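Can you make the complete structure from the sequences, with help from the hints?
Here numbering that gives the first Met the number 0 is used: the first residue of the sequence shown is 0, the next is one more, and so on.
Everything labelled a hint here was simulated from the structure, so no lab data went into it.
Since this is a predicted model, take the numbers as computed values, not measurements.
For each residue, glycine too, the CB sits at the ideal point set by N, CA and C.
Where hints are given, some of them may not hold.
As the list claims (entries may be wrong) - Label pairs and their in silico Cβ distance ranges:
(1) 108 to 13: 47 to 53 Å
(2) 108 to 37: 40 to 46 Å
(3) 12 to 100: 38 to 44 Å
Unchecked claim - For lysine to aspartate or glutamate, the following EDC-like pairs were computed, each having C-alpha atoms within a straight-line distance of at most 20 Å:
(4) 26 to 67
(5) 20 to 80
(6) 87 to 8
(7) 20 to 67
(8) 87 to 67
(9) 26 to 80
(10) 20 to 8
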Amino acid sequence: MEENINTEDRLIEEISFPLYKSRNWLKIIGVFLIIYGAFAAISIVGILVAWLPIWIGIVCFQACRKIEIAYIARDRMNLIEAQRYIAKYFTIYGVLLVIGLVFAFFIIALIFSIGLPSNFEDLNNIMQNDFY
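Structural data, given as structure tokens:
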């Protein structure tokens, strides 16, 4: 029975070691995201989205805390919780990426629909007349 426990402890240690080794980077990312969110909250427009980087920074710190506990105590539940926090981190960033791409596509479509390509010809004529 004890050998089975030691095997499980070793397995948890081996699985959690890569996360434990990079925990300081996770802390740095969390700190910078919280600082970024604080600076974003200073502006009027930024206050609308400032909660996102602060929330992601807190998720990074929570994951880091769970990783440390999982590695040091060889605790399976904390390892699972750490992986859930890391999954939440990537999910939030994935959703933000999709929203950003949709927004960028919308802006590009809006620019082309208001006639920006026709302005390129006028801009070209103006620039040619100025230089010759």
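A quick look at each hint next to the structure:
In this structure, residue 108 and residue 13 meet the distance hint of 47 to 53 Å, their C-beta atoms being roughly 50 Å apart. For residue 108 and residue 37, the Cβ-Cβ distance of about 34 Å falls outside the hinted range of 40 to 46 Å, so the restraint is violated. Distance hint for residue 12 and residue 100: a CB-CB separation of about 40 Å, consistent with the stated range 38 to 44 Å. Note on residue 26 and residue 67: the hinted pairing holds, with a Cα-Cα distance of about 12 Å set against a maximum of 20 Å.
Between residue 20 and residue 80 the CA atoms are separated by roughly 17 Å; this keeps the pair inside 20 Å, and the hint holds. Restraint check for residue 87 and residue 8: not satisfied, since their Cα atoms lie roughly 26 Å apart, outside the 20 Å limit. Using a Cα cut-off of 20 Å, the hinted pair residue 20 and residue 67 holds, with the two alpha carbons roughly 9 Å apart. For the hint pairing residue 87 with residue 67, the CA-to-CA distance comes to about 18 Å; that is within 20 Å, so the pair holds.
Between the alpha carbons of residue 26 and residue 80 the distance comes to roughly 17 Å, so the proposed pair stays at or under 20 Å and holds. Using a Cα cut-off of 20 Å, the hinted pair residue 20 and residue 8 holds, with the two alpha carbons roughly 17 Å apart.
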